[in-house]
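Residue numbers (our numbering), protein chains in the order written: chain A, 10 to 392; chain B, 2 to 322; chain C, 23 to 352.
If you are wondering where the hints come from, they were derived from the structure by calculation, not from laboratory data. Glycine included, every Cβ here is placed at the ideal spot set by N, Cα and C. Hints may contain errors.
List of simulated lysine-lysine pairs, DSS-like, C-alpha gap at most 27 Å [said to hold, decoys possible]:
| id | chain 1 | residue 1 | chain 2 | residue 2 |
| --- | --- | --- | --- | --- |
| 1 | B | K148 | C | K255 |
| 2 | C | K149 | C | K255 |
| 3 | B | K148 | C | K262 |
| 4 | B | K145 | C | K262 |
| 5 | C | K93 | C | K80 |
Restraint-style ranges between C-beta atoms, simulated for each label pair [said to hold, decoys possible]:
| id | chain 1 | residue 1 | chain 2 | residue 2 | range |
| --- | --- | --- | --- | --- | --- |
| 6 | C | A141 | B | L281 | 40 to 48 Å |
| 7 | C | L331 | B | D185 | 37 to 45 Å |
| 8 | C | A141 | A | A349 | 32 to 40 Å |
| 9 | C | L207 | A | V125 | 47 to 55 Å |
Residue strings, one per chain:
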Amino acid sequence: MKRRSQSNHLILLAALLPGVGHIVLGKRGRGIRLLVVTIAVILVMYWRWEVFVSAFHSTRIDHWLAAVFLIVSLAASVTYSVWDVRRLLTEIPMATRGKSPYQLARRRFRANRLAVTAVYVITAFYILAVLAPLLAPYDPSAITDVLKTRFLPPSMDHPFGTDAFGRDLLSRALYGARVSLSVGLLAVMIAISMGTVYGAVAGYFGGFIDNVLMRIVDVVIAIPTFFLMLMLVGIFEANLVFLVLILGLTSWPGTARFIRGEILSLKQREFTEAARAIGLPNRLIIFRHLIPNALSPVLVSTALMIGGMIGAEAGLSFLGIGIRPPTPSWGNMISQGKDALLVAWWVAFFPGALLALTVVCFNLLADGIRDALDPKALMQRFV
Amino acid sequence: MLLEVENLTSHFFLDEGVLRAVDGISFDVNEGETVALVGESGCGKTIVALSLLNLIPSPGRVVGGRIVFNGEDLLQMEAERLREIRGGGIGMIFQEPGAALNPVFTIGSQISEVLRLHRGLNRREAEAEAIRLLGETGIPEPEKRIKAYPFEFSGGMRQRAVIAIAISGRPRLLIADEPTTALDTTVQAEIVDLLRYLQAQHKMAILLITHDMGVVAEMAERVMVMYTGKIVEVAGVCELFREPKHPYTSGLLNSIPRLGAGRKEPLRGIPGAVPDFLDLPSGCTFHPRCPIGDESCISEFPSLRSISPERKCACYKVEAG
Amino acid sequence: MSWYIIKRLIQAVPLLLGVATVTFLIVHLAPGDPMDMFLENRNLRNIDPEVIELIRQKYGLDQPLHVQYVKWLGNLLQGDLGESFEHRRPVSALLAEAIPYTLQLTALALLLDALVGIALGIFSAVKQYSVLDKTVTIGSLIIYSLPSFWLALMLVLVFSVNLGWFPTSQTRSLDYEFLSWFEKLADLAWHLVLPVFVLGIASAAGTARYMRSRLLEVLNEEYVLAARARGLKERAVILKHALRNALIPIITIYGLSLPFLLGGAVIIETIFAWPGMGRLAVLAIQARDYPVILATTMIAAVLTVIGNLVADVTYALVDPRVSYEKKKPV
Ligand SMILES: Nc1ncnc2c1ncn2[C@@H]1O[C@H](COP(=O)(O)OP(=O)(O)OP(=O)(O)O)[C@@H](O)[C@H]1O
Ligand code: SF4
Ligand SMILES: [Mg+2]
Numbered sequence: 010m011k012r013r014s015q016s017n018h019l020i021l022l023a024a025l026l027p028g029v030g031h032i033v034l035g036k037r038g039r040g041i042r043l044l045v046v047t048i049a050v051i052l053v054m055y056w057r058w059e060v061f062v063s064a065f066h067s068t069r070i071d072h073w074l075a076a077v078f079l080i081v082s083l084a085a086s087v088t089y090s091v092w093d094v095r096r097l098l099t100e101i102p103m104a105t106r107g108k109s110p111y112q113l114a115r116r117r118f119r120a121n122r123l124a125v126t127a128v129y130v131i132t133a134f135y136i137l138a139v140l141a142p143l144l145a146p147y148d149p150s151a152i153t154d155v156l157k158t159r160f161l162p163p164s165m166d167h168p169f170g171t172d173a174f175g176r177d178l179l180s181r182a183l184y185g186a187r188v189s190l191s192v193g194l195l196a197v198m199i200a201i202s203m204g205t206v207y208g209a210v211a212g213y214f215g216g217f218i219d220n221v222l223m224r225i226v227d228v229v230i231a232i233p234t235f236f237l238m239l240m241l242v243g244i245f246e247a248n249l250v251f252l253v254l255i256l257g258l259t260s261w262p263g264t265a266r267f268i269r270g271e272i273l274s275l276k277q278r279e280f281t282e283a284a285r286a287i288g289l290p291n292r293l294i295i296f297r298h299l300i301p302n303a304l305s306p307v308l309v310s311t312a313l314m315i316g317g318m319i320g321a322e323a324g325l326s327f328l329g330i331g332i333r334p335p336t337p338s339w340g341n342m343i344s345q346g347k348d349a350l351l352v353a354w355w356v357a358f359f360p361g362a363l364l365a366l367t368v369v370c371f372n373l374l375a376d377g378i379r380d381a382l383d384p385k386a387l388m389q390r391f392v
Numbered sequence: 002m003l004l005e006v007e008n009l010t011s012h013f014f015l016d017e018g019v020l021r022a023v024d025g026i027s028f029d030v031n032e033g034e035t036v037a038l039v040g041e042s043g044c045g046k047t048i049v050a051l052s053l054l055n056l057i058p059s060p061g062r063v064v065g066g067r068i069v070f071n072g073e074d075l076l077q078m079e080a081e082r083l084r085e086i087r088g089g090g091i092g093m094i095f096q097e098p099g100a101a102l103n104p105v106f107t108i109g110s111q112i113s114e115v116l117r118l119h120r121g122l123n124r125r126e127a128e129a130e131a132i133r134l135l136g137e138t139g140i141p142e143p144e145k146r147i148k149a150y151p152f153e154f155s156g157g158m159r160q161r162a163v164i165a166i167a168i169s170g171r172p173r174l175l176i177a178d179e180p181t182t183a184l185d186t187t188v189q190a191e192i193v194d195l196l197r198y199l200q201a202q203h204k205m206a207i208l209l210i211t212h213d214m215g216v217v218a219e220m221a222e223r224v225m226v227m228y229t230g231k232i233v234e235v236a237g238v239c240e241l242f243r244e245p246k247h248p249y250t251s252g253l254l255n256s257i258p259r260l261g262a263g264r265k266e267p268l269r270g271i272p273g274a275v276p277d278f279l280d281l282p283s284g285c286t287f288h289p290r291c292p293i294g295d296e297s298c299i300s301e302f303p304s305l306r307s308i309s310p311e312r313k314c315a316c317y318k319v320e321a322g
Numbered sequence: 023m024s025w026y027i028i029k030r031l032i033q034a035v036p037l038l039l040g041v042a043t044v045t046f047l048i049v050h051l052a053p054g055d056p057m058d059m060f061l062e063n064r065n066l067r068n069i070d071p072e073v074i075e076l077i078r079q080k081y082g083l084d085q086p087l088h089v090q091y092v093k094w095l096g097n098l099l100q101g102d103l104g105e106s107f108e109h110r111r112p113v114s115a116l117l118a119e120a121i122p123y124t125l126q127l128t129a130l131a132l133l134l135d136a137l138v139g140i141a142l143g144i145f146s147a148v149k150q151y152s153v154l155d156k157t158v159t160i161g162s163l164i165i166y167s168l169p170s171f172w173l174a175l176m177l178v179l180v181f182s183v184n185l186g187w188f189p190t191s192q193t194r195s196l197d198y199e200f201l202s203w204f205e206k207l208a209d210l211a212w213h214l215v216l217p218v219f220v221l222g223i224a225s226a227a228g229t230a231r232y233m234r235s236r237l238l239e240v241l242n243e244e245y246v247l248a249a250r251a252r253g254l255k256e257r258a259v260i261l262k263h264a265l266r267n268a269l270i271p272i273i274t275i276y277g278l279s280l281p282f283l284l285g286g287a288v289i290i291e292t293i294f295a296w297p298g299m300g301r302l303a304v305l306a307i308q309a310r311d312y313p314v315i316l317a318t319t320m321i322a323a324v325l326t327v328i329g330n331l332v333a334d335v336t337y338a339l340v341d342p343r344v345s346y347e348k349k350k351p352v
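Sequences and hints are given; from them, build the entire structure.
In structure tokens form, the structure reads like this:
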């Protein structure tokens, strides 16, 4: 009976302040993470209450999204906390440790502190980007009394300083994160899925089709990717959507080659034979059987490519042909900083540092995944 | 006495625990003698060989014992002297004939390298000697072959080249780690003949590592049987074949592999498989597979005792005499 | 050997034809006619339509696409890359001026890459798990990840603006003509330091990482153990037996790194006002100068193909296992 009421108290605690229940039950890591998320959400709401409330009537979808995201996070953390504490209370703790390759890999990844930190940083950046409208202390494009506000060095009011038009760089960096981070992610999704399908088709059918498809890959690979991007972005006057498409459509051949190689070796194995013997159509064989088997190494190159794409987008924007001002992106912010280098180092420094940190984290993540999947190859080269 | 090994112990320090690949073994090798070390795959033979040169790859190392070669303790000596003995005092033939040759250097240059190092020959002399050695090991047209790369050789020829390199430093002990296992049967016989010929010519002792009882019968004078990192029986070759004492030895002899059987194929005649080194059975590690073992065998590993002047055995069921 | 080279050269022909076709199509299938885009970009839309038509005729833009294509290809074969809209000069002349600057930059960057990258990779692998190794592993990852243009700006800020050690941009000083030959050389080198460093250091970091892992792999090979068993000195084992094997695949990596270096040169040249091909390309794109855009992309691809060719041939020279008769797996 006593146990019962005690556990009810715990569940109540877990609902009121997600994480505390876990900490009481001895699950400190999970508990602290939950607690941090919850407190952060509450702090943001408290601190930006007016913006938060007005975001719901806002016509701007990004404000609305940010506010909804905040509420959903809070709800999710409470629900998860209660659910998990209940589970912990009722279930007998499992002593057996899983030994499937996937579980082993996950354990090895968890043991890699750098990689785990990188995941946290990346997650935090994406969350910050979503919440930019709520978090940004100033309007990123508001130009007020330029002569008084331009090139203010970093201070409490403007942690990253201000730029040539007196705009707050922290706010711009937050908004810029949205562009930079999403462009990288979306472009890689395009490149990986296109490369995977392309390579799978070439590898699976082989023969003439394979030959033609691979000669096309040879041609695309022969043109230095950055030149190709430059040309396409320049000629098509890329807007955001186009930029994502172009970045994605110029970066698939590596994946295609890799997947084709994997498929060729998998094709020899019995299960393809078996699938064919029972009369599965080609499409099903490719998508249900071959691709999932080749996919785990693709994970590594995905992480690497996201870092690379974010860098490429920034490079194009830096050259003035990617994301064009006034929309802030880290790349075009650095470009503006270049012109102000002699008078205001901070204009170029902060967006670049964020960019560098993001790419470093994606590369650490890629390393972590690789080591976790293949502990023998402790470190190999990118792609 | 050319080589005296006492209580040699080599461990691998793995994440999962300490792997006792060689667990306190002692043996001797006399000048000019051939001693065989036999046992199933994975019982620690190669690690014994590498321990003798103090060359265990990390995360492993020799953790204890003495290896006295020619009156000097290999484990105590300076690095410089140890290098002289590697190749100069003790030559080694590796299990995979191809893998021991560096793929990007010619056969000739790999032999000459050793000749110049251990015998102080100059470039010209070394080349002439390399040609002679290749000829001696039965490679046709050695003048031409010294310019060839390993990939241009067949498996048997590669093994001959490896042997030529191993004897080029004029070692007094040759460790031959499964010199024939990876080869075709006809080539196997040729290599056995070659080793016997070279041994007679150069008066070398040979430590022959193998699980091929046929080769043992042809070459060895004495045999040591190894199981899970320990020696379980030592005997003269005739006595051993006539009357194996240890149940494991009997099992090995009952299962002399068919001609050309694959290397990894489990030997017939012994039920079960070699146990996991990290999770060895208690007591006599052979007891789960032993036809005559009983409860008395599961508490402690039987020590290797003399059962007659020339024989030793580690088994509770084997009486002295 | 010469057969192998000839074969590889012949294989490169369809590849380059493909590249030419792709670039041509991209430029001409883009919305709007190149001349329109060029004029629009310069706010020259309202000049006399007849004049525009004349210019069109001059550049052959009034003909059907396939005719233009064949003509363009024919001219290309004769080394005629057309005339720049912007500069009113033959594109080949512009390129001839720009390419040496780019090659100078990339060649030196490759050298830096090789020297620093390979050396650090070796130290790091030989002393695996040491402080030096950890520093190299993490440091190279960070350097490899830094956006090159940002690194360039920060270096300029520190070393040019604050410390005044190196010039902020340009290839030579204003008083270059009045210097003695030795001072001229020093002046050129002085201007090269920052751009070459920024361009080369990232790929050096990549090479160090690759070299380290390759060497660690090779050090586990049986022939390395065998070399030790023969009593060779540790130096000989590593620097001769292991290194030779670990270095061979690096050659391919170098062939592959050329496109990255060329891409990097685009940005570095722009920052340092370096009159090379990359900057030419960027300026051409900003001015919608299509013949130049086409040509720079073409040349970048040709350089890449040549780089791969050289890498393959070198590979075949140093690795005895590559048999020239056998077709290399794709
Ligand atoms: N590099 C290593 N790392 C970890 N364990 C090892 C390593 N090398 C050998 N071992 C362990 O040491 C044991 C003995 O290996 P060893 O190579 O000596 O066997 P072997 O008797 O030579 O077998 P084979 O006939 O297959 O050559 C093996 O069971 C293996 O688990
Ligand atoms: S000691 Fe016992 S288990 Fe071991 S071999 Fe002898 S009889 Fe068999
Ligand atoms: Mg072995």
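Cross-check of the supplied hints:
For the suggested pair K148 (chain B) and K255 (chain C), the alpha carbons sit about 24 Å apart, so the restraint of at most 27 Å is met. Taken as a hint, the K149 (chain C) and K255 (chain C) pair is honoured in the structure, with Cα atoms around 16 Å apart against an allowance of 27 Å. In summary, the hint linking K148 (chain B) to K262 (chain C) is supported, as the alpha carbons are separated by about 18 Å, within the 27 Å threshold. About 24 Å separates the Cα atoms of K145 (chain B) and K262 (chain C), which keeps this hinted pair within 27 Å; it holds.
For the hint linking K93 (chain C) to K80 (chain C), the alpha-carbon distance of about 13 Å falls within 27 Å, and the restraint holds. Take A141 (chain C) and L281 (chain B): their Cβ atoms lie about 46 Å apart, and the range 40 to 48 Å holds. Hint check: L331 (chain C) to D185 (chain B), Cβ distance near 41 Å, so the stated range 37 to 45 Å holds. In this structure, A141 (chain C) and A349 (chain A) meet the distance hint of 32 to 40 Å, their C-beta atoms being roughly 38 Å apart.
Checked against the hint of 47 to 55 Å, the C-beta distance between L207 (chain C) and V125 (chain A) comes to roughly 51 Å, which is consistent with it.
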